[in-house]
Each structure stands twice: as C-alpha cells, then as structure tokens.
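If you read the protein sequences in the order shown, they are chains A and B.
The opening position of the first sequence corresponds to residue 1 in the numbering used here, with each subsequent residue numbered one higher.
The opening position of the second sequence corresponds to residue 339 in the numbering used here, with each subsequent residue numbered one higher.
The set of hints was computed from the structure by calculation and includes no laboratory data.
For every residue, glycine included, the Cβ atom is placed at its ideal position computed from N, Cα and C.
Warning: the hint list may mix true and false statements.
What the hints assert, rightly or not - With a straight-line cut-off of 30 Å between C-alpha atoms, the simulated BS3-like cross-links for lysine-lysine are: (1) Lys291/A <-> Lys225/A; (2) Lys399/B <-> Lys191/A; (3) Lys450/B <-> Lys540/B; (4) Lys268/A <-> Lys399/B; (5) Lys191/A <-> Lys451/B; (6) Lys490/B <-> Lys234/A; (7) Lys267/A <-> Lys399/B; (8) Lys225/A <-> Lys490/B; (9) Lys323/A <-> Lys267/A.
Claimed, not checked - Coverage of chain B stretches by chain A, computed from C-beta distances (three or more under 8 Å per stretch; other residues unrestricted): (10) 465-477; (11) 548-561.
As the list claims (entries may be wrong) - A few chain A residues facing chain B, derived, Cβ under 7 Å: (12) Phe57; (13) Ala146; (14) Ile197; (15) Gly198; (16) Tyr253; (17) Gln320; (18) Val321; (19) Glu328; (20) Arg330.
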Amino acid sequence: MEPYENVLIVGEMESERLSGLTAQLLRIGKELSHALKRELHLLVLSGKSEQVDKEGFCYGADRVYAASHQLLENYTTDAYLQAMEQVVTALKPSIILFGHSDRGSDLAPRLAFRLRTGATLDCMELRIDGESGLLEQIKPVFGGKAYCHYTCVGGSPQIASVRDGVFDPADYVLRPMGEVTQLSLFIDPSKIRTRVIGTRQDDDLSLAQKLGAASIVVSGGRGLKNQDGVGILKETAHLLDGAVSGSRPAIDYGWLPGSLQVGLTGKKIKPQLYIAVGISGALQHMAGCLKSKVIVAINSDESAPIFRFSHYGVVDDYKQVLKGFNEEVRLAREHEGE
Amino acid sequence: MISIIVCMKVVIDPEMPLSEFEVDRVQLRPIPPKGTPPLMNPFDENALEAALKIKDGRECKVTILSMGSSLPKAVLQVPLATGADEIITVEDPQFEHLDAINTAHALAAAIKKIGNYDIVFTGRQASDWDSGMVWAGIAELLDIPSVTIARKAEVSDGKIVVERNGTDGIEIVECSLPALVTFSSEVGELRYPTIPALQKAKKKEIQRWSASHIEFNKAHIMEVRDLYIPDFGTANCHFVLGADPEQKGRDLARRLMDDGIISRHI
Chain A
1 MEPYENVLIV
11 GEMESERLSG
21 LTAQLLRIGK
31 ELSHALKREL
41 HLLVLSGKSE
51 QVDKEGFCYG
61 ADRVYAASHQ
71 LLENYTTDAY
81 LQAMEQVVTA
91 LKPSIILFGH
101 SDRGSDLAPR
111 LAFRLRTGAT
121 LDCMELRIDG
131 ESGLLEQIKP
141 VFGGKAYCHY
151 TCVGGSPQIA
161 SVRDGVFDPA
171 DYVLRPMGEV
181 TQLSLFIDPS
191 KIRTRVIGTR
201 QDDDLSLAQK
211 LGAASIVVSG
221 GRGLKNQDGV
231 GILKETAHLL
241 DGAVSGSRPA
251 IDYGWLPGSL
261 QVGLTGKKIK
271 PQLYIAVGIS
281 GALQHMAGCL
291 KSKVIVAINS
301 DESAPIFRFS
311 HYGVVDDYKQ
321 VLKGFNEEVR
331 LAREHEGE
Chain B
339 MISIIVCMKV
349 VIDPEMPLSE
359 FEVDRVQLRP
369 IPPKGTPPLM
379 NPFDENALEA
389 ALKIKDGREC
399 KVTILSMGSS
409 LPKAVLQVPL
419 ATGADEIITV
429 EDPQFEHLDA
439 INTAHALAAA
449 IKKIGNYDIV
459 FTGRQASDWD
469 SGMVWAGIAE
479 LLDIPSVTIA
489 RKAEVSDGKI
499 VVERNGTDGI
509 EIVECSLPAL
519 VTFSSEVGEL
529 RYPTIPALQK
539 AKKKEIQRWS
549 ASHIEFNKAH
559 IMEVRDLYIP
569 DFGTANCHFV
579 LGADPEQKGR
589 DLARRLMDDG
599 IISRHI
C-alpha cells in the first residue's frame, strides 16, 4: 500500500447506530476521497464488537474497520490515543476526519501532536486544493468574526474535526455490503493515566436533549436583565410547545443552566423558529443558531447586530412585547377551538 | 504543597463589535483594534479561578504563565491580584503571531524550565484563534495525561478528580499527577481582585523571560492560506411596528401565524 493515501473517518456510535455527526462526516469524506480519487474508510472504535458497523457501507464508505477492546469501553484519551496510533500505522490515511464532538475535540489535537503533524478543529468547510492536493481546512476564528484557511504542509496525516450540523448526512442507500475488517489492538493499561470513576446524571440533561429536538426555541440573553425574564420566556416556549435556551451571558449570570447554552462553545441547533430575546447577536452566539429556518429578534437596541441575522424584528422592551405576543397566541387558539 | 501553572493568553477582546474588527489580508492576521484594549482570554480566567478554588482549601502555589510580545502590564496585574503567587512571561517579537503548534512548543519548553509543577491548567481554547489545540500540545510534549472541558477540579491523595460534561451526563474522571486540565465557563468567572490586592500586585515583580531562556525552535507544520471577514449578508429583517410594545407583540404573533411560521392550533 502506498503511504498516506485514503480518507479515514473516525466514527462514533450513538444508541448502537452511527451518530448523526458520523453520517455527516461520511458525506464530506466522500467528496474529498472523490477529489483525491482515493477510498473512503470508516473506523469505529468501541468497547465491544458491534453488529451495526455495516451501516457505514450504506452511507458510502468503501471500507469499514472496527477495532474493539475492553479498555475502549469508557473513553479515555490515553487508551484512544494508543488505538489511533496503531490504526494510523496500519492504514496510513492521508486525511483523518473527526466529528467536533466531546471526543473528537479531545482526541484529534492530541493525536496530531503525537504524530508530529497538524490539525484544524471545528471546521466548517473542507476541500482539496487542486494545485497542491492538500486538504484546505476552513474554520471560523475570532469567535466567527473571520474565517481562516489552513493547510498542513509539514506533517502527515492531515487531521481535521468538523462542526456538527454543517454538512447534511450522507445518503443512506441499501446496497450489497462488504465485510467489516476487524483490527486488533494492543492497549497497554499502564499507559492509561485517567479513569472514569463515575457518571452523574446532569439534572439539565433532559432539558438539553429537548432543546436539540425542539422545532421552536425561545432564547434569552443579557438583555433579559434578570432571572424573572426566564419565566416569561418559558411561558412563550410553553405556548408554542418549544424549548428555552440562552446565550452565554444568560448562563454566566446563572439565569439558565449551562446545558442550555447556545453558541460557539455550547449547543448548535437548527430549529424551524428561533426567537432571540435580549440577545445582541454576537457571532459567538450566532454560531449556535444561524442555521435556524426563521429567526425573530426582540431587542430594545435597534442597532443590535442580531437584526442583521433576523427575518422578523421588534425593537422594544421584551417583557411587554412578549406579553402581547402570548396574549395574541392564546386568543387565536381560543378562536380556533370554537 | 501542590504547584499549579495556569497558562493565560492576552487576546483581542472577544466582545468587540464586528464593525471595528479588521484583518490584514496580506499578513493574514487581525489588525489590533484602536478603541478596544486587550484582555486575558476569558477561558483562561476560568482556569485561574479553578486553581484559586484549589488554593482556597489547601497549601498551593499558583504560577501564571503567559507568552507573547510586549505584554501589557495592566492586563497581567489583574490575575496576579486575584491570588496567584507569581507570574512568568515569555516575551519575544517572534512570539507575537505564533500559531497554535508553536505556541504549545514554547509553553511546554517554559514549563520544563519552571520544572517543579504538579498541574497545568488552561482554558478550553483562546478566544482569538479558537484553535483548541495548545493544551493538547503542552500535554503531549510534557507527556502528561489530560482532561478537557472541566467544570470542577479537586486534588486529593496525589490525584486530581475532575468533573466534565460528557455526552450522557457529568463524567467524574480521576487522573494521576502531573496532569493538565482545560476549563470552560462552567467553573465560574474569575473572582474580583480587591483594591489593596491590586495595589500590591502593582508592586509585584513580573518575571519576564525571552525566547533565549527556553528551548524553542519554530516548526512549520500549518500554513495560513487566507484570513478574511465573511459576508454576513445584508439585513433583510422585517420590523414589526406598532403603537406600543404590547401591540408590537400582538402584531408579531399575528404575522408569524399569517406566514405559517407558528400554528394557530396547539
């Protein structure tokens, strides 16, 4: 095998299936492997051998590799790094793509340093530069105020992690499936220096999950001015059968739990309707909600950047605006019920 | 006694208005804004707060390590006044626009020179280039374990116990020392310095090293091809007008129902 040639996706499982982000990686991965005239490979690392690995073929992977080891059951950086080093030695991919998930953002950069190569995290766009054949890695910088194009000129493989929700999932096509190739790993337990000693249910986890699935989201920011504002947002969200979220100031002030933060370092959501209340529209926040189908902004400052991103805007005190809004929705539904 | 090194970066204010943000398309770097002073990366302040919380409960030395070129004294004094014991900077003109990989190499070299440490704390990423890479390089080059995006950290029995946000809830991770931990805003904002502490910090010496104090050779692994401000689109916002705020709210609701964006029934 020629050194460093194919595109390798590091997949993740979610409820015994490939995660949504993995399916997205398979779409962009396919484009890259086409441009390079190489193959698209999928790798799934896990604590036990899974039967569902084969669905990678349906998403367009040319080959699917599975590597399982009991020491991979709980994610630890040290164990997964050992695994990835061996995988890279065996498969010699030219490009490795991770999802910019909890795991991907932890593993990709350490792997890059271990292999003495580079990486670009949280990419929004990836393409092959026609001239050099290198992977052009495009990511937002300065909180999204600018975009930066990187190439890795001094190391192999080229490593990138990709932001969730930027690419559509690869098409799922039922097709004759190949065989999953099992890779055997040697993982030295003495080199694992961290240990997961427990998990605690996050009280807010169900709220956060509801947020990810909601088609209407009512979100508050610094302009709420106090905790009372959250009650009004909740009322609107309840009426619209939606969820509540916040920008970073609303979380920092303690008005909303951290799991409900929408933005660059929080959740990235794309509901049908996003109502931004008292949110100025900093790009760090917009990174989490810009893909919403319709954005409504309610803000007392008419020069707030949020209006640049919004389809509908109201400039006024949000408490009274939402009071009128909620009344009108209630009224319309009463009429409808008659 | 536990020794913690907190890596802190001086950055362009992430909250500065977009309208004032400019980039140099030739040099491929931002143009320092005139009206907005630089500050400490907020996530690094979270990391310092995590270190100070450990120091609240036990004997502990907190060292701030910062790297760059001509770092402003005013920005360095604030974290010093919140309770850190010392501050070391590595400053050199060549460090002004260092990329993530080289930054990690320089910081790891500085930490090796400091020598005596148990824990390295950093922010999850710097709010300027948002690379999220530097922590990984430091840990890898020092060959120490790492735990990322922590919300809480405690030291006991020669180990560090870290709470982090996992996909399925909060993960509690135990890690041998020495170790590196990165922090997010959930750990809490950096405490305010008191006025007397600020006065005292002004008199404290900043240990300024240069590149020649550490073992550093610049590597050329990543190349910046382009840096630009994207087109954020033109405003196409339909403003709902009305006699008073409540009326505007009612009109907004009606408009969204008319346009089929929210439903008239439940």
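Cross-check of the supplied hints:
Simply put, lysine 291/A and lysine 225/A have alpha-carbon atoms about 26 Å apart, close enough for the 30 Å limit, and the pair holds. Between the alpha carbons of lysine 399/B and lysine 191/A the distance comes to roughly 28 Å, so the proposed pair stays at or under 30 Å and holds. The suggested pairing of lysine 450/B with lysine 540/B holds, with an alpha-carbon distance near 27 Å, which does not exceed 30 Å. For the given pair, lysine 268/A sits about 38 Å from lysine 399/B by alpha-carbon distance, which is inconsistent with the 30 Å threshold.
Simply put, lysine 191/A and lysine 451/B have alpha-carbon atoms about 25 Å apart, close enough for the 30 Å limit, and the pair holds. Among the hinted pairs, lysine 490/B with lysine 234/A is consistent with the structure: their alpha-carbon atoms are about 29 Å apart, no more than 30 Å. A threshold of 30 Å between alpha carbons decides the hint, and for lysine 267/A with lysine 399/B the separation of about 35 Å lies outside it, so the pair is violated. Distance check on the hinted pair: lysine 225/A and lysine 490/B sit about 27 Å apart at the alpha-carbon level, within 30 Å; holds.
Distance restraint check for lysine 323/A and lysine 267/A: the Cα-Cα separation of roughly 28 Å lies within the 30 Å cut-off, and the hinted pair is therefore satisfied. Residue count for the region 465-477 of chain B with a Cβ under 8 Å from a Cβ of chain A: 11. That meets the three needed, and the coverage hint holds. Only when three residues or more bring their CB closer than 8 Å to a CB of chain A does the claim for the region 548-561 of chain B stand; here the count is 5, and the claim holds. The beta carbon of phenylalanine 57/A comes no nearer than 25 Å to any beta carbon in chain B, farther than 7 Å, and the hint placing it at the interface is violated.
For the restraint placing alanine 146/A at the interface with chain B, the shortest Cβ-Cβ distance is roughly 5 Å, inside the 7 Å limit, so the hint holds. Residue-level restraint check for isoleucine 197/A holds (minimum Cβ-Cβ distance to chain B is 5 Å; threshold 7 Å). The beta carbon of glycine 198/A comes within 4 Å of a beta carbon in chain B, closer than 7 Å, and the hint placing it at the interface holds. At a threshold of 7 Å, the smallest CB-CB gap from tyrosine 253/A to chain B is about 10 Å, leaving the interface hint violated.
The interface hint given for glutamine 320/A is met, as the beta carbon of that residue sits about 4 Å from the closest beta carbon of chain B, less than 7 Å. Checking valine 321/A against chain B: minimum C-beta separation of about 4 Å stays under 7 Å; hint holds. Satisfaction of the interface hint for glutamate 328/A is found here, the shortest Cβ-Cβ separation to chain B being roughly 4 Å, below the 7 Å cut-off. For arginine 330/A, the suggested interface contact is broken, since its CB lies about 9 Å from the closest CB of chain B, more than 7 Å.
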